[in-house]
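> On the provided structure of chain A, position chains B, C and D as indicated by the hints.
Chains A, B, C and D, in that order, are what the protein sequence lines are. Counted the way the working numbering counts, the first sequence spans residues 432 to 666. Counted the way the working numbering counts, the second sequence spans residues 23 to 323. Counted the way the working numbering counts, the third sequence spans residues 98 to 351. Counted the way the working numbering counts, the fourth sequence spans residues 8 to 339.
Calculated directly from the structure, the hints in this document are not laboratory data. Remember, it's a predicted structure, so these values are computed and weren't measured experimentally. It cannot be assumed that every hint is accurate.
Restraint-style ranges between C-beta atoms, simulated for each label pair [said to hold, decoys possible]: (1) C:F112 - D:R214: 24 to 30 Å; (2) A:H436 - B:L110: 46 to 52 Å; (3) B:R55 - A:S616: 38 to 44 Å; (4) D:Q14 - C:A246: 28 to 34 Å; (5) A:Q539 - B:L94: 50 to 56 Å.
No farther apart than 25 Å at their CA atoms in a straight line, the calculated lysine to aspartate or glutamate pairs in the DMTMM-like style are these [what the hints assert, rightly or not]: (6) C:K170 - D:D40; (7) D:K306 - D:D40; (8) B:K317 - D:E202; (9) C:K312 - A:D655.
Heads up, the beta-carbon is just placed ideally off N, CA and C, and yes, glycines get one too.
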Amino acid sequence: MLEVHNLSVQYGAITALHGISLTVPAGGIVTLIGGTGAGKTTTLRAISGMVKPTSGRILFDGQDITGLAPHEIVRRGLAHSPEGRLVFANLTVMENLQMGAYLQRDSQWIASELEYVFGMFPRLRERLEQHAGTLSGGEQQMLAIGRALMSRPRFLMLDEPSLGIAPLLVKEIFARLVELNRERSLPILLVEQNAHLALEVSSHGYVLETGRVLLSDRSSVLRDSPEVRSAYLGG
Amino acid sequence: MTEFLQQLLNGVLLGAIYALIALGYTMVYGVLRFINFAHSDVFMLGAFVAWYSVEKLGLPTQSIGGGLAALLLSMSVCAVLGVVIEKLAYKPLRQRSTLTVLITAIGVSLLIQNVAQNSRLGFGPNPKAFPALFPSQQLHFGALTVSTHQLVVLGVALSLLGVLYWIVHHTRIGTAMRAVSFNATAASLVGINNDRIISFTFGLGSALAGAGGVLYAMNYPSIDPLMGTLPGLKAFVAAVLGGIGNLPGAALGGLLIGLVETFVSGTRLSTFRDAIAFGILIAILLFRPAGLLGKLKVEKV
Amino acid sequence: MSASLLQLTDVTIRFGGLTAVSSVTADVREGELAGLIGPNGAGKTTLFNLITGVYQPTEGRIEFAGASTAGAKPFHLTERGIARTFQNIRLFPSLSVSDNVRVAFHRHLEHRTWQSWLRGGRFHAEEAELRERTRELLSLFNLERVQEAPAKSLSYGDQRRLEIVRALATGPRLLLLDEPAAGMNPSEKDELMRLIRFVRDRFRLAVLLVEHDMKVVMGICERIHVLEYGRKIAEGSPEEIRVDPKVIAAYLGD
Amino acid sequence: MVFPVAQRWLLAALILAWVASAVSSSIDPYFLDVVMGVGVSVVLASSLNLINGFTGQFSLGHAGFMAVGAYTSAMLTTVVAPRLGWHPVLLQWVFFPLSLIAAGLLAAVAGLAVGAPSLRLKGDYLAIVTLGFGEIIRVVLQNMDMVGGARGLTGVPAYSNLFWTFGTAALTVYTVWALLNSTHGRGFLAVADDEVAAEAMGLDTTRYKITAFGIGAFFAGVAGGLYAHLKGYLNPGGFSFDKSIEIVVMVILGGMGRHAGVVFAAILLTLLPEGLRELGSRSVPNPFGGAAWSLDWIKEMRMILYSLMLIVLMLMRPQGLFHRSERRRRGA
Numbered sequence: 432m433l434e435v436h437n438l439s440v441q442y443g444a445i446t447a448l449h450g451i452s453l454t455v456p457a458g459g460i461v462t463l464i465g466g467t468g469a470g471k472t473t474t475l476r477a478i479s480g481m482v483k484p485t486s487g488r489i490l491f492d493g494q495d496i497t498g499l500a501p502h503e504i505v506r507r508g509l510a511h512s513p514e515g516r517l518v519f520a521n522l523t524v525m526e527n528l529q530m531g532a533y534l535q536r537d538s539q540w541i542a543s544e545l546e547y548v549f550g551m552f553p554r555l556r557e558r559l560e561q562h563a564g565t566l567s568g569g570e571q572q573m574l575a576i577g578r579a580l581m582s583r584p585r586f587l588m589l590d591e592p593s594l595g596i597a598p599l600l601v602k603e604i605f606a607r608l609v610e611l612n613r614e615r616s617l618p619i620l621l622v623e624q625n626a627h628l629a630l631e632v633s634s635h636g637y638v639l640e641t642g643r644v645l646l647s648d649r650s651s652v653l654r655d656s657p658e659v660r661s662a663y664l665g666g
Numbered sequence: 023m024t025e026f027l028q029q030l031l032n033g034v035l036l037g038a039i040y041a042l043i044a045l046g047y048t049m050v051y052g053v054l055r056f057i058n059f060a061h062s063d064v065f066m067l068g069a070f071v072a073w074y075s076v077e078k079l080g081l082p083t084q085s086i087g088g089g090l091a092a093l094l095l096s097m098s099v100c101a102v103l104g105v106v107i108e109k110l111a112y113k114p115l116r117q118r119s120t121l122t123v124l125i126t127a128i129g130v131s132l133l134i135q136n137v138a139q140n141s142r143l144g145f146g147p148n149p150k151a152f153p154a155l156f157p158s159q160q161l162h163f164g165a166l167t168v169s170t171h172q173l174v175v176l177g178v179a180l181s182l183l184g185v186l187y188w189i190v191h192h193t194r195i196g197t198a199m200r201a202v203s204f205n206a207t208a209a210s211l212v213g214i215n216n217d218r219i220i221s222f223t224f225g226l227g228s229a230l231a232g233a234g235g236v237l238y239a240m241n242y243p244s245i246d247p248l249m250g251t252l253p254g255l256k257a258f259v260a261a262v263l264g265g266i267g268n269l270p271g272a273a274l275g276g277l278l279i280g281l282v283e284t285f286v287s288g289t290r291l292s293t294f295r296d297a298i299a300f301g302i303l304i305a306i307l308l309f310r311p312a313g314l315l316g317k318l319k320v321e322k323v
Numbered sequence: 098m099s100a101s102l103l104q105l106t107d108v109t110i111r112f113g114g115l116t117a118v119s120s121v122t123a124d125v126r127e128g129e130l131a132g133l134i135g136p137n138g139a140g141k142t143t144l145f146n147l148i149t150g151v152y153q154p155t156e157g158r159i160e161f162a163g164a165s166t167a168g169a170k171p172f173h174l175t176e177r178g179i180a181r182t183f184q185n186i187r188l189f190p191s192l193s194v195s196d197n198v199r200v201a202f203h204r205h206l207e208h209r210t211w212q213s214w215l216r217g218g219r220f221h222a223e224e225a226e227l228r229e230r231t232r233e234l235l236s237l238f239n240l241e242r243v244q245e246a247p248a249k250s251l252s253y254g255d256q257r258r259l260e261i262v263r264a265l266a267t268g269p270r271l272l273l274l275d276e277p278a279a280g281m282n283p284s285e286k287d288e289l290m291r292l293i294r295f296v297r298d299r300f301r302l303a304v305l306l307v308e309h310d311m312k313v314v315m316g317i318c319e320r321i322h323v324l325e326y327g328r329k330i331a332e333g334s335p336e337e338i339r340v341d342p343k344v345i346a347a348y349l350g351d
Numbered sequence: 008m009v010f011p012v013a014q015r016w017l018l019a020a021l022i023l024a025w026v027a028s029a030v031s032s033s034i035d036p037y038f039l040d041v042v043m044g045v046g047v048s049v050v051l052a053s054s055l056n057l058i059n060g061f062t063g064q065f066s067l068g069h070a071g072f073m074a075v076g077a078y079t080s081a082m083l084t085t086v087v088a089p090r091l092g093w094h095p096v097l098l099q100w101v102f103f104p105l106s107l108i109a110a111g112l113l114a115a116v117a118g119l120a121v122g123a124p125s126l127r128l129k130g131d132y133l134a135i136v137t138l139g140f141g142e143i144i145r146v147v148l149q150n151m152d153m154v155g156g157a158r159g160l161t162g163v164p165a166y167s168n169l170f171w172t173f174g175t176a177a178l179t180v181y182t183v184w185a186l187l188n189s190t191h192g193r194g195f196l197a198v199a200d201d202e203v204a205a206e207a208m209g210l211d212t213t214r215y216k217i218t219a220f221g222i223g224a225f226f227a228g229v230a231g232g233l234y235a236h237l238k239g240y241l242n243p244g245g246f247s248f249d250k251s252i253e254i255v256v257m258v259i260l261g262g263m264g265r266h267a268g269v270v271f272a273a274i275l276l277t278l279l280p281e282g283l284r285e286l287g288s289r290s291v292p293n294p295f296g297g298a299a300w301s302l303d304w305i306k307e308m309r310m311i312l313y314s315l316m317l318i319v320l321m322l323m324r325p326q327g328l329f330h331r332s333e334r335r336r337r338g339a
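Looking at chain A on its own, in the form it has when it is part of the complex (with noise of 0.2 Å):
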């Protein structure tokens, strides 16, 4: 579904990745992990356009999508919930989630979306006219991912679902990402520095380290690696 090939950024002097590569194969789940400045938001920005990669390629279901704006490229799919959520703070919930849907002109779609959103999420039912920047951390994240549903993804980036959420939240997140994969086998790519939780519900992992990929394997064998224990897991 997507194939990342030997990927390099740079951000003026300093080389943020030194060719990347790695693969989410359609309906999985596929997670990135490493430490701050390992290259896992910045591979994830170069996906969706963000960022201009120096060197590399990057196919979305065999079509090129190399250097794209980012809004081609959420016209052909792939959605991205970024890091530090950035939802619309000064945009009511269901604003921010029309948001999302920007580029859906079926109304019928819309609205049996966000029934599907509210369902997966049923706190952002409760929150529809309160402002998206006084929510909680959790519920932001929720509506990231909501917002990112609504734009019909074939494809679903996720940037640090966990960050700065309480541990129940970041449980019940996690289980509906599941479920969401699954329900509509909607392939998933993950960051996420807890890498206990990003190794539990995922399929295949990527370790990166400044900015290249130390290990990859199936994510069962990294949780019982013991280089990776070492490292991500504090055992």
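Structure of chains B, C and D alone, referenced to chain A:
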């Protein structure tokens, strides 16, 4: 009392015009975070297009239809011009620092002024008498005297403000404008083509400036290529006063500046009115550094 | 046991409705290597900003070397001996490497700004001495070779090191390091751990370290404070922290 | 006494200015006027560079400081000086420089007054406050009958000569240079680069910013004094917002905080309109025979050409005309 009402009316009229111009500054600031110095010259061109449409294209004066036609023509020409300026001068600088764009804007402003002042390429440096676009008559309400021109100015300004409000809050493209100004990155991630929205914003802001130019010229019926500078500056002050990037703020700021200017004009301090407007601005900014309705951004460390 | 150099008592800060740090009591002792850990968003960097005077606490007290820091601006606290690095590297990008350090040295100068204009003997002597000290400090960290390059042209690892050098030039008694190992590979991390120990011993100062990398934290810290959700949930030696059920829950989920 | 290199340059520049000034009577007066104008521009641009370029603030009120200085010194030489009964030579060589210092000091006070409260403001908001301040000064001057009001102040003696203009220019350039090439002075650059980090390194950023405003305004005031005694006539309209913009353009075109670049830009931008005017009064021979082609159109078009050049330059060289990293070189 009558005197007060008369002044109040004049102040609101002037304020409404400032508000129209200020909205353009603030909208552009919202999506691009820079001050479009050429905006005041688009305002000037708005007045000249109306003048031209009467003097050269022969639109009838003193008629509602002719007046509206001139107004619409001005707004359309200015809208196109705004879009063209953005495409040619600002878009290539999208990734550059604000200062670079600012200086380019100053360059564009100088260019428009100087071309307009040139007798061969533009209108020439001499002031021109602005025709009475709409039927003009003095109406009396008790002791209060109101000209039909004033009513037109008020009516047009208020309807345009209403239309703008409707566009921004109830249309798809308006929502997209708000989204881009809140967070351009997030906007692009929901599929908004930021470049298109920016073009649209320039077009819309310039159309309002064009209308502002026509309305201003109806009140002060002599126009010249440098007429935009001072109202432009005051509208800019109004936008900052309200909190730059904030639409209701710009409208409020415009109204305030218009009222202050008018009321000060009626006193012995009349020649100081511009200084007083700026003094108020400075005082307000010192107490509310982000303007009346603006929100202060806290830098993340 | 040595005395507390930095003492936080019931420190709370709220931003609008959000309580970012809630009633935290903690201390750093003279010459100690202390660690501050916790999941992302737990309030670690906010706590740094409180200690360095970027924010003022909504409630609670912070004392440094026995005196309250209330109302002190960051530069006052630097003068009193607190230096820091930043999570997202904040060098002076267009200044040269040596100028980055030189600026941080400025408070050791005897001459005043206007004397830079006259450029008398005192000025030249002091500037020369400062150049020498800058060079020494840079060479200690193997940065002398790039001293004339603008800071922004340095590699990531060098920028991280330069930030520490620059902080040292202010002559601190307490050095706060915000995720110094971010973006480093294992061998660079080993090097960093050596560096931090070396800095502590050579400059005789206390270090408070925010870090995600458990290997680094467990490897060098003598005492670790754990934050979760703005609250302190544990404090102790690496051995104690490693087996603390609350810490395991916070990091690993349950 | 042995002077360090920099002071030797300053001394040489002053001597050169002195010599040039001594022979100035044999120089074409129009040319002289232009050249002295260049000197004033250099002072204005270098001093604004300290505020906008080196310290990273954004002032749009430099013409206001200039106006304060211009009127102060002009009032001193037109109102106070005649009552002293001094010899004209003493007036030009002793009283005039004192009046310039007074002009600078008063402008500096204005600069501190603007700089201090403005510290709460950043970027566009600071810009608008300085702009507003400049406009207030202009309006106040327009309404002061004592200084001629809107009609302007006439009869200002022509004390500015090559020595004073170029001496001041050299002194300004030296001051900014000396300040920046010192450890204390690097603080200005550090504040511009990253204010938060500067504060964390123990720099009192507030003091740096105010100092920059004070010194910048001082020299703008002195430049105003020179300008007054160069033109012989002052008009509040000459210190409008456009004048401030003109100086800002010099600074940005010179490359914001590039010392030499800004000096060159000031020279270039002052000469350019004059050069175009000069070119416009000539004609080129017609290669096809017949009457020579007049270049008169350039005269008419020169402001259009100027603005076009500005736009094109910004599109092609956004870092400024003279983008060379001079900060990398080590100073004393």
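> If a hint holds in the structure, say so; if it does not, say that too.
Evaluation of the provided hints:
1. C:F112 - D:R214: 24 to 30 Å: holds (28 Å)
2. A:H436 - B:L110: 46 to 52 Å: violated (38 Å)
3. B:R55 - A:S616: 38 to 44 Å: holds (42 Å)
4. D:Q14 - C:A246: 28 to 34 Å: Cβ of D:Q14 to Cβ of C:A246: about 29 Å, so the range 28 to 34 Å holds.
5. A:Q539 - B:L94: 50 to 56 Å: At 37 Å between Cβs, range violated.
6. C:K170 - D:D40: violated (50 Å)
7. D:K306 - D:D40: holds (19 Å)
8. B:K317 - D:E202: Roughly 21 Å between the alpha carbons, so the hint for B:K317 and D:E202 holds.
9. C:K312 - A:D655: holds (17 Å)
Figure legend: structure checked against the earlier numbered hints; hints not met, in rising order: 2, 5, 6.
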